[in-house]
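Here the protein sequences line up with chains A and B, keeping their order. Just so you know, the first sequence maps onto residues 1 to 677 in UniProt numbering. Just so you know, the second sequence maps onto residues 1 to 677 in UniProt numbering.
Bear in mind the hints are in silico, worked out from the structure with no lab data behind them. Quick caveat: nothing in here was measured; it's all calculated off a predicted structure. Think of the CB as a built atom: it goes at the ideal place given N, C-alpha and C, for glycine as much as any other residue. Any given hint might turn out to be false.
Said to hold, decoys possible - Sample of chain A residues at the chain B side, in silico, Cβ under 10 Å:
hint: 1; residue: G431
hint: 2; residue: S436
hint: 3; residue: E437
hint: 4; residue: D448
hint: 5; residue: A588
hint: 6; residue: C589
hint: 7; residue: G626
hint: 8; residue: P644
To be verified - Footprint (simulated), chain B over chain A, 3 or more residues, beta carbon under 8 Å:
hint: 9; region: 173-181
hint: 10; region: 252-264
hint: 11; region: 337-346
hint: 12; region: 417-426
hint: 13; region: 438-446
hint: 14; region: 538-545
Spelled out from the first residue to the last, the chains are:
There are 2 protein chains.
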Amino acid sequence: MTTRSDLQTPAPSTDVAMPAPATEEATTRHTREEISALGAGLRAATDGRRYADVRALARATVPARLMVRDAAQTVPEAREWTRRSLRELVGLGLAGSGFPAEHGGLDDVGRSCVDFEISALGDLSLTVKSAVHFGLFGGAVTSLGTDWHHENVLPQTLSLEQIGCYAMTEYGHGSDVASLETTLTYDAATDELVVHSPTRSATKTYIGAAAEDARIAAVYGQLVVDGRTHGVHVVLVPLRDEVGQPLPGVTLGDNGHKGGLLGVDNGTITFDQVRVPRRMLLDRYGGIDDSGTYVSDIDNDNKRFFTMLGTLVRGRICVAAGAAASTRKALSIATRYAVRRRQFDAPGHDGEVVLLDYLAHQRKLLPAIATSYAHLFAVTEIIERLQDLHEAPEKDQEAHRELETRAAGLKALMTRHANDTIQVCREACGGAGYMSENGLTGLRADADVFATFEGDNTVLLQLVAKGLLTGYKEMWGDLDVRGMVQFAARTLGGQVVEATAVRPLVSRLVAAAARRSEDHTLLDRGWHLSMFVERERHVLETLAARLRRGKDHDAFATFNAAQDHVLMAARTHMDRMVLEAFVTGIDACEEGEVRDVLERLCTLYALSSIEADSGWFQAHNRMSAGRAKAVTTQVNKLCAELRPHAVAIVEGLGVPEAWLGSAMLTEPEVWTPGVPA
Amino acid sequence: MTTRSDLQTPAPSTDVAMPAPATEEATTRHTREEISALGAGLRAATDGRRYADVRALARATVPARLMVRDAAQTVPEAREWTRRSLRELVGLGLAGSGFPAEHGGLDDVGRSCVDFEISALGDLSLTVKSAVHFGLFGGAVTSLGTDWHHENVLPQTLSLEQIGCYAMTEYGHGSDVASLETTLTYDAATDELVVHSPTRSATKTYIGAAAEDARIAAVYGQLVVDGRTHGVHVVLVPLRDEVGQPLPGVTLGDNGHKGGLLGVDNGTITFDQVRVPRRMLLDRYGGIDDSGTYVSDIDNDNKRFFTMLGTLVRGRICVAAGAAASTRKALSIATRYAVRRRQFDAPGHDGEVVLLDYLAHQRKLLPAIATSYAHLFAVTEIIERLQDLHEAPEKDQEAHRELETRAAGLKALMTRHANDTIQVCREACGGAGYMSENGLTGLRADADVFATFEGDNTVLLQLVAKGLLTGYKEMWGDLDVRGMVQFAARTLGGQVVEATAVRPLVSRLVAAAARRSEDHTLLDRGWHLSMFVERERHVLETLAARLRRGKDHDAFATFNAAQDHVLMAARTHMDRMVLEAFVTGIDACEEGEVRDVLERLCTLYALSSIEADSGWFQAHNRMSAGRAKAVTTQVNKLCAELRPHAVAIVEGLGVPEAWLGSAMLTEPEVWTPGVPA
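Given the sequences, and given the hints that come with them, work out the whole structure.
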């Protein structure tokens with residue numbers, strides 16, 4: 001069994017055959033990564049408080065060959081590469097951090113998110129393969145299981161002796177987990193659970209590792225005891241025997257080729273009356289006692305269900321962090337290309353113009369970089385908060401629900417930014433951007449699925465809106481339309497935003513801006529914050545009022561007519577949360593060049609957001625026509641100001657050059673017109 | 001040699017070994033495509049005047065197996081499939097239509113665009129492979145060559161005996177064709193042209209068919225005669241011998257795996273003093289006479305260059321049409337899925353809610369469908385105009401330049417819409433959307449490159465702006481910054497928009513709207529048109545004024561500071577052109593349900609565009625705050641009104657169900673929760 005006593009030194013497992021972690025090669029390579037003082041300062045500012053050393057160590061030790069996969073691999077090749085690389089990842093100490101310390105982990109769920117984030121700077125198949133096994137399967141065993149499960153499952157999970165998968169999604173239901181059709185029926189006569197797929201739509205699908213590698217599954221299904229259904233529970237079900245053959249009653253399929261993540265063997269699972277011992281039920285929140293009676297500390301089925309689903313929070317934080325990491329990598333590639341690639345002569349200028357000197361090109365990349373900085377601060381913050389709450393002596397229910405809501409929102413925001421931005425980066429590199437060897441199209445294809453897995457973005461934003469409308473007081477229900485409408489009906493105008501308290505620093509800045517004259521500068525942070533706060537407050541208050549006015553007899557019609565408003569409420573709330581994280585992060589920096597660049601990036605982020613919602617701000621009398629035009633002018637001005645620092649700014653995004661995996665960045669002479677053959 | 005005397009009946013080539021076109025199977029299959037009367041009516045309305053029969057015949061005869069490629073194919077498999085399918089495509093009469101009639105074509109360049117559009121409803125590798133050979137290579141020979149080239153090259157091109165490629169792009173220069181580095185130097189001693197790559201950046205790259213199949217290339221390079229450079233010309237250069245080995249002096253490379261279009265063998269070509277006879281120069285616009293002197297009817301090098309590049313217009317129309325076709329296919333898949341997929345119970349409703357009944361889902365798909373209808377009318381119109389101009393007894397230079405400008409703009413608009421919309425469609429199908437077998441991710445990956453090939457979108461939009469600023473009077477220069485600024489300086493305010501005359505129908509509608517009171521309805525077409533016209537006029541006039549005010553000594557700085565403004569001028573112009581095409585198309589329809597649905601789609605298109613630019617309209621006092629909010633309400637209302645017709649509306653998009661290649665649409669029982677196994 002792998003044990004790790006030292007956070008800082010990757011400790012290869014002793015009983016798993018794996019190649020040496022090759023830290024020497026990696027260190028040598030990374031010693032050569034010379035970055036600017038500004039770049040180093042930006043990295044230090046964004047690495048956060050708690051896991052800065054973990055991030056820095058990974059940048060210096062993880063070898064590039066583990067982070068870059070050949071995009072031309074076939075599905076079998078990609079799966080084999082991923083399988084082998086997973087062992088190396090474990091050897092480097094980038095897996096299982098969230099497991100209990102007594103079973104070889106670090107009991108550090110925050111660290112497990114950082115592990116995910118680091119590996120997401122490399123190949124996303126490996127990231128997801130690892131996350132399914134350690135994060136989802138291992139996480140379910142850790143969080144939903146009890147001592148027996150920990151002792152009997154986690155060791156072989158950590159050693160990769162037994163690969164696990166996470167069998168939640170069915171063909172019939174993805175987002176709507178409460179409606180899963182698989183049944184887990186207790187048979188008192190044999191003291192077993194019978195796992196069954198009663199319909200074709202109950203077939204588990206898109207299950208990572210089900211197609212080839214998984215030997216055991218954490219299966220979500222409706223628990224039926226003595227004829228009564230107790231809602232969704234999770235049971236461990238062995239899938240394959242020692243030689244990899246499906247066990248009796250288990251039918252396994254292969255989802256085949258996907259839009260990306262070719263290294264992950266997603267598959268289908270159908271159960272035909274498969275029997276497992278009672279103890280295989282992960283029974284931390286609800287189980288069956290020796291007398292065959294269902295027992296749970298949580299009486300309400302719905303509340304229990306959402307307490308169990310609450311353990312998904314880490315997965316969503318990981319996906320947010322991973323999407324943000326992929327975006328930073330794409331921006332690093334495209335920006336480094338944009339400062340070397342020249343195109344078109346310009347009158348009165350020597351040589352052809354460097355791409356990034358065009359305003360249109362700056363507009364493509366720099367506001368996206370500013371947003372990525374904002375996201376970096378927000379991600380670092382939520383990861384640290386996750387671990388802080390995990391370590392707290394008493395569980396703070398409301399704080400945890402706030403965290404779940406924030407995780408859902410960040411996941412939606414950051415995966416959207418990832419899909420949009422990676423595509424912009426690919427196009428910004430022209431034909432070269434379309435060649436797989438340059439690293440952008442694979443990133444694009446792999447990160448794509450982040451928009452819909454671990455919670456569909458549209459569904460997650462509704463969850464955020466519900467959290468806001470109910471002040472996190474009632475979260476039992478996912479897309480529970482009736483609950484949302486009823487709660488809104490009980491909420492009085494003005495109350496809603498207070499549910500997410502504005503931070504003291506932010507209050508101060510907003511108050512200071514309010515005291516100043518009306519024509520405060522566009523660069524005033526207090527004005528930015530007040531615009532974000534006001535946008536959120538107004539959208540949320542008018543949403544609550546609208547839902548209150550709705551027809552009581554048709555909650556769905558009321559909700560549905562306002563669905564775009566619901567989504568905007570969630571989005572504007574998350575925008576405010578992200579800006580606050582950025583502002584808080586900057587506040588921790590000393591005066592100097594690093595802080596100055598961060599301030600400009602923050603202003604660019606804030607003004608880009610205001611510019612994008614210019615129509616809303618004007619329609620709601622928050623911004624004059626003149627100011628709307630001035631915002632655009634200021635965005636262009638900031639682009640010009642940040643342009644000279646572009647390389648240092650992408651160094652600050654924290655992606656080592658050796659991990660970029662972009663051929664066009666390593667063959668300079670090909671790209672410079674006029675050099676003799 | 002293939003000859004075709006009948007437009008309507010696909011005539012398989014007689015002397016090329018190829019499988020029978022299997023029209024029987026296809027016809028049988030398609031007889032079963034039962035579409036609604038509304039769907040059929042919409043198809044009739046959008047199929048256009050001239051090529052309606054070609055489109056209808058293709059839908060009824062092209063077999064699905066030719067249109068759907070297995071996304072799991074490896075690069076070699078995909079290339080082989082594409083190679084074989086190309087022969088079938090020729091057999092079906094979907095290639096070479098633009099060739100002169102005396103050499104086996106139809107002398108119908110419009111038809112060749114329709115051929116491209118039809119094949120783009122299938123697999124884009126096949127589309128592009130065909131387009132490179134017939135459209136780019138064959139097109140260059142046809143347009144830039146003279147009799148000798150037509151007689152000696154076109155027959156073996158049409159029969160696929162000799163695959164050609166189009167060697168324009170170099171590593172160092174893609175968009176900036178005028179700066180290509182390859183040299184074509186005339187050696188009077190041997191009466192040969194010496195083709196040479198003087199630098200590493202002169203290597204031709206991303207050249208379709210260069211990696212494996214091409215035997216001959218149309219090579220762009222700087223023609224040097226007697227020590228003087230005459231600008232870019234095109235010469236035919238054999239690349240491979242009979243057994244496929246590179247000829248002496250020719251070095252061929254393989255671009256390898258790409259982000260999509262795996263069936264196209266893109267590669268690199270380097271020339272080391274390769275000699276070809278003088279007659280290999282495509283000398284329609286400029287050549288070398290028997291005395292070894294350069295001769296051309298066009299004195300100005302720059303003017304000659306852009307006359308030659310003008311032949312690219314068809315390629316851009318094809319890419320626009322292809323991108324639009326891919327988008328329609330994706331929307332057809334996602335919409336058909338959205339009317340069958342159910343998710344989440346709703347209080348007071350029977351069963352779970354169908355995805356497309358959610359407002360948010362309608363918002364994702366229906367405005368995009370409306371835009372696709374707008375694009376369909378615009379594409380059909382420009383294809384017909386291309387052929388009308390081609391057939392005109394005298395070449396109308398200004399009309400041709402307007403066409404080039406419009407083609408550039410439509411290409412930029414439609415490829416942007418394609419990338420955005422296909423991604424929305426993929427996400428709207430959740431996890432299923434990410435499985436290759438469901439057809440969306442492959443479409444997304446393949447269509448991606450449309451944004452940057454056949455002209456980078458950002459560059460093309462600048463070309464449009466320049467056309468507008470100069471009233472199409474001066475088009476000699478691509479991204480010629482100085483020219484644009486100087487012309488703007490000579491232009492008086494108010495003159496600019498008149499360069500693109502508003503159509504009489506549109507003028508009438510706009511005038512009628514202006515006569516009515518200020519609070520005319522949001523549904524008033526005249527109001528929509530006047531908003532589009534005003535937006536364009538104001539953006540263009542203020543751009544001209546801004547360029548005039550710029551510093552004369554630094555034209556680049558003046559241009560660059562306004563680059564976002566330049567792009568907006570182009571975009572708003574194109575939006576107006578597209579809306580006018582839609583309005584004109586509807587005007588040709590009789591009263592009835594088809595027209596009624598088209599009117600609503602047109603309104604949805606117009607209001608979505610106005611909503612997206614809400615910030616601009618308010619900042620420029622073209623729309624009040626109240627009206628801005630009302631536009632959003634009206635967009636939602638239109639979505640609800642169109643929802644019941646969703647299936648008929650996507651039938652109207654003209655993609656036969658059998659060509660969708662989406663497994664999830666053919667396995668209904670899997671997707672309906674609750675059906676017993």
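Hints, one by one, checked against the model:
Hint status for A/G431: holds, given a least beta-carbon distance of 5 Å to chain B, under 10 Å. Look at A/S436: its Cβ gets to within about 4 Å of chain B, closer than 10 Å, so that hint holds up. Hint status for A/E437: holds, given a least beta-carbon distance of 6 Å to chain B, under 10 Å. The interface hint given for A/D448 is met, as the beta carbon of that residue sits about 7 Å from the closest beta carbon of chain B, less than 10 Å.
The criterion of a C-beta within 10 Å of any C-beta in chain B is not met by A/A588, whose closest approach is roughly 34 Å, and the hint is violated. Evaluation of the A/C589 hint against chain B yields a violated restraint, the C-beta minimum of about 31 Å exceeding 10 Å. Given the 10 Å rule on beta carbons, the hint for A/G626 holds: about 8 Å separates it from the nearest Cβ of chain B. Against a cut-off of 10 Å between C-beta atoms, the interface hint on A/P644 is violated, since the closest Cβ of chain B lies about 15 Å away.
Counting residues of the region 173-181 of chain A whose C-beta sits closer than 8 Å to any C-beta of chain B gives 6, which meets the bar of three, so the coverage hint holds. Check result for the region 252-264 of chain A against chain B: holds, 6 residues qualifying (beta carbon to beta carbon below 8 Å, three or more required). Coverage of the region 337-346 of chain A by chain B holds in this model, with 4 residues showing a Cβ closer than 8 Å to a Cβ of that chain against a need of three. Restraint check on the region 417-426 of chain A versus chain B: 3 residues with Cβ-Cβ distances below 8 Å, three needed, restraint holds.
A count of 5 residues in the region 438-446 of chain A with a Cβ less than 8 Å from any Cβ of chain B is obtained; the coverage claim is therefore met, three being the minimum. Under a criterion of three residues with beta carbons nearer than 8 Å to beta carbons of chain B, the stated coverage of the region 538-545 of chain A fails, only 0 such residues being counted.
The structure fails hints 5, 6, 8 and 14 (numbered hints given earlier, in ascending order).
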